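Residue numbers (my numbering), protein chains in the order written: chain A, 59 to 456; chain B, 418 to 931; chain C, 744 to 1281.
Possibly wrong hints are sitting among the right ones.
With a cut-off of at most 25 Å between alpha-carbon atoms, the simulated SDA-like pairs for lysine to any residue come out as follows [claimed, not checked]:
1) A:K349 <-> B:E678
2) A:K366 <-> A:G283
3) C:K905 <-> A:R319
I should point out that these hints are in silico values taken from the structure, not numbers from a laboratory. Model, not experiment: these values are computed from the prediction.
Letter by letter, the chains look like this.
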Amino acid sequence: MKNQPVHQGRLKSPFHSRIAQLDTVNEWHQWKGYSSADSLYCEDTEYFAIRNSTAVFDLTPMTKYRITGPDALDYLNRLVTRDMTKIRPGRVAYAVWCDDQGQVIDDGTIFHLREGEYRLCSQERHFAWLQAAAIGFDVTVTHETEDIAALAVQGPTSFSVLNKMGLAGLDELKPFGLTHFDFQGTELMVSRTGFTGDLGYELWIDPDKAEALWDALFEAGELFGIRAIGTHALEMARIEAGFLAAYMEFLPADETVRTGRSRSPLELGLEWLVDFKKPNFNGRRALAEEKRNGSTWQLVKLDIEGNKPAHNSYIFDNARASRDNIGFTTSAAWSPVCKQNIALGTVRAPHGKPGDTVWVEIYYQREMHWNRNMARATVVDKAFWFPPRRGATPPGPY
Amino acid sequence: MASRYDAIVVGAGHNGLVCSALLARAGKNVLVLEANEQVGGAAVTREFADGYSVSACAHLLYQLQPEVRKELKLSPRLASEDMTTIALSQDGKHLRITADEVVGASDEDAEQYRRFRKRMTRFADLLRKYLNRRPPRLGTKDFKDLVTLGQLGLDLRMLGKDEMQEFLRLIGMNIHDELTERFRNPLLKGAISLDAVLGTHLGPRSPNTIMTYLYRLAGNHGRAGAPHGGMGSVSEELAQAARSAGATIRTKMPVKRILIENGRATGVETEAGERFDSYTVISNADPKRTMMELVGARHAETGFTRRIHHLRSRGNAAKLHLALDGLPRIEGLAKKDFAERLVIAPDEHYVERAFNPAKYGQSSPEPVVELTFPSFRDESLAPTGKHVMSAIVQYAPYALQGGWSDGAREAFTLAVIGTIAKYAPDIEQRISASELLTPADIEREFHITGGHWHHGELTLDQFLFVRPVSGAAQYRMPVDGVYLCGAGTHPGGGVSGAAGRNAARTILSREKAA
Amino acid sequence: MKTYDAIVVGAGHNGLTTAAFLAKAGLDVICVEKNDYIGGAAVSRNLYKDWMYSNCSYVCSLLRPEIYRALELHKHGLQVTPYGGSVTFMENGDYYGSYHDEEVAYREMARFSRHDADAYKTYSADTMRQCRFIRDFLLSTAPDPTSFRLGDLRELIRIGGKFMDMGEDRMYDTIRFWTMSVAEYLDEYFETDVIKASFSGSGIIGTALGIHSPGTAYVLLHHYMGDVDGNVGSWGFARGGMGSVSKSIAGAFQAAGGELRTEAGVDKIIVKNGKTTGVALENGDEIAGRVVVSAMDVKRTFLNCMEPGDLPEKFHKRVQNFKIRGSSGKLNIALDGMPTFPALPEGSSLYHSDMHFIDSMERMERAYDDWKDGTWSKDPYVDMVIPTINDPTMAPPGKHFMSCFVQYCPYEIEGRAWTSEEREAFGKTVIDQISNYSPDFKDLILHAEVRTPQDIEAEIGITEGNIFHGELTMDQLLFNRPVPGYAQYRSPVDGLYMCGSSTHPGGGVMAAPGANAAREILSDLRRPNTVPENFGDD
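For reference, chain A alone in the conformation it holds in the complex:
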């Protein structure tokens, strides 16, 4: 490959031809070097495909690593905060990994593909860190982002679509399970995972078969309201599900420049992912100390009165905004499915306990003029949207 000039523009995903065909608005942004659609026809329609029928989102640009070797399990168990010995082959784990200071580098999903063979999938790139973590382990870490095409197929009718496509036995796949199928002579991996907080699957396949998979999927989905969607719709669903996003709810700790701008899993409400009973893992000492002494920040899910989304808002502990703010929102949206004004945010502990009332300073513009609104908000415990179908096995036809 040497001396071939690198491609200068945006890369096209293996699904690009199909997405471009459906696209009517021509709004794109770059995602890890790829062109990724903001929206294809209408954000609202796309959003309701997630909650009402089946939405298809191209997640090929997600960073993927394969981890193999005799020490793969020990390696991962030292890398992430949760106990990976509990994740059997055919299971997927949501996990976070930290630096020595217990600050989150990233979150992602770890697929236990086969005995001793894993795939780690994250938004950011971490090859240097993963290799440093491999010092002293008999393990091979391979970068495979470009080698695998991936689609999220999400929504109440997603099971029906895949079933119609001929993926027999999928009804038994539990949330965070994965299974393999043959697709036109190529291995197709299907995992019951997603970023929407709804019933949904993710499909993983060799890029050569990407277009064929897309075509088969859309053919099967025709009667189930299948639609391709862009990032904007997905983002709304993500906030409703209360999921974190890098560069929104936290910054990768190895990229922060200023002191105190990173976050620990405890500060992100991910204590359930931290297992102090398992052997040594990155960040263990610091997190144990934080648990003893208390955290500085607390991630909050906010149910905010009114209907003005609290984008980039300061959070106060009183309605007059007297004294200093206690934090700020990190993601905000009007939830069409919950008919709620929702936001994720970060506040200084001990503020932000479930049930607490805080005040959000919202600015919104109407016909050029700006208005300011101090809105009361309640800190809620659970995801804003968590339908029973998300966990139901077998999933019904919906």
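Using the hints, position chains B and C against chain A.
Okay, now just chains B and C, sitting in the frame of chain A:
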């Protein structure tokens, strides 16, 4: 099932012995496990040819800390004391340098030397105070650390405004510039350059070499002595001190790993499979070996293991030992001068040029040499009438391009002998046997990663708070119960005992606090 | 005879900056310059037909935006255009390019090593952290750690606080960063030789150290801490060449009522009873002033333009020991057209970037070995740019100006002066090296100006032609710059100040020393401060 020890020390190097002796004296039940047959680690005397013995690595004693001597009641018997450094000149007009004066240079250089030594000694004394303490952590509220930091600030100010300014200016500087500012005599500049770079991967122009020079002075102001019976006798005396305080020392017991359970040390396992239990395991091995082989990277965190991985510890100093039928003839050298320390470093550029190839993984075609003839005053080391020569030679990089093959060893031996022959033309005829110990050999025989005599380069970025790396600078590894006490920790190498003593004191005071 | 409030010696960018801020405060200021043109080493010179050469400094990044804004340099003709990227040509015919687009840059790095491509973001963050730490001190005076004065203690506490604020681990990282070599620093992040070589150049430009010398990681920072429009680490071209920077500052100075006199070289700074009273020019004239500010380097100021008797002995000695070392040369070339580099694709954006020709760390270090041996690097590190691609005003249409900065080039050859044959041979070395990657380059050369440190000294006046007026080593930075105890722009002589690059924060077309000096002078004269404060967090 053996009983549980209060502490197990892995490695009976001189620091390990100092540490165990001090712990044993404090009433601890201490077990010392040494891989080799002899105690002493790299501070041993070995027979390298029939009837010829020599200090294997370090051959001069100049840094043994008075605190260590006093606390362990050591009185090493010296064959030579306060040795004069004789900077050899091919024309026989050698320069004689002692701690106080230089003979053979111009009056101006002699006067400058007195001033230079006065200032350097003063700074070295300041440094020495901190070599014998646990380095403080920054940003902690630990009382002891705050006192150390406060005192450091105060001590600097106590130097007076001018000297404090000079200290802050000089500490990061290279020796070359300081020498150029002061001296004219090339032999003098060469000899001091050699003192500053011996045992490091630095040339006299490398910033930082004033610091390494000060480090050298920070023992006995650089006054060197040759122990009777070689360096091994110092180690024997230390071992004796440890034993009489109640420590058990077992040799030929290589440790395979430090046992870790639930994030804390529980003992060690030997290569032979024997287990010894203790909640305190102190490693005299270098930090890399301790982390990567004895403890295992998985028991520490990624950031820490990465720092250990990046620790620079590739040695450049080799040892050449010659068995000689008789003393060589060196023009301009009186017979009694063979008791002194002879150096081949004709000028500072010579030293720098010797260093250049080391940067590219090549050995010096014209090496710098520190020569001693220990048998001259110590008949125990060679058959009567015969002699041994012990030389430290630089630069012989650990990671030699192409490796230390027989050919490479032969070539380097010839380069060293050829260099010596320029001053002692008959040396070749006198040689009956020789032994070259490259850093690769030192690694293999003494289990020091990279064969570096400081167990890690002695530069400001691996000094004090960050020696060997941050997170282990206070002798504690980030695994409960695992400690370091070797040259890789503060303050560094040389037969000083400071690291071992600081480690023992840290462990004892932690226990008291707990 | 008229007595000026202040005489500034040397119309380089720092001298002009001090002069401008003093004039803005209402002082009656004259700035004297030995050459018949102003700008010192920030000049555009018409040395061949219609070509304009930035014949000393050639790119602009460090110029403090606070000063730019306070002196309204845009009104005086300055326009700085950012440019991006760099390319390192490799002996095997390949090249490593760095691109402005983050993702293209990533892809290029990944072509050599995925590890390095991913490590880059951490490297950037860690380096930026150090940048932010130092950037805060650029427009302030370095405190004296040996002093008990309130101002010094307050500033020391401020720095200490900022340092402590980093947290324990990053404090250690900072200590290591300030003391380690650029090679070791890069080794901690990257595995690819050409990538390390490409980054390491910034660690040695203008210094008499090699990439393996401890302390060079900081020098890297010195080239990263500038910014163009808030993009820290970016570089830009001054439209019309670097002379535009000096001209615009001179414009601001004159607009504030200042007087500029060229061809007025200073022979002596006059001292009477421990106080300066003015300067004596080389032509015999004297100018009287209450304050004299020297923008010359410290050696030239105190060793050439003053009597040893006017200075305390210790100070005199320390100035003698201050290290200003010639280590870089320059080739300025008029080109008949654009040279091609066959390794690059046609129309590549890399034609607009800095070009380098050393692809390994070993070659970088070997270039330094030559300097130590008293000769120029036979395989030199060349930082080559063609400013006319972005700024057509500097050459006739279709023609180009090429600037080649060369590391290393000694002040003397084996301890004696350069001969003209050697100068020619030095020029040939550089031209040959570029020709290895551009076969048509030689034929396009219309005129080449070869400048050794000796030439730069003779013309500009900087001792040994050192671009930073003194090595950027730990012993000559912050409170040690230029000498301990005199790091606050004041000299031991009453009324005599320093404002050149020999003072904190050092060289580069930054103008910060000049501004800081003006602030200290105005404070001594109890005049209102006209020097802006740091913009703060960025």
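| So which of those numbered hints doesn't the model satisfy? | 2
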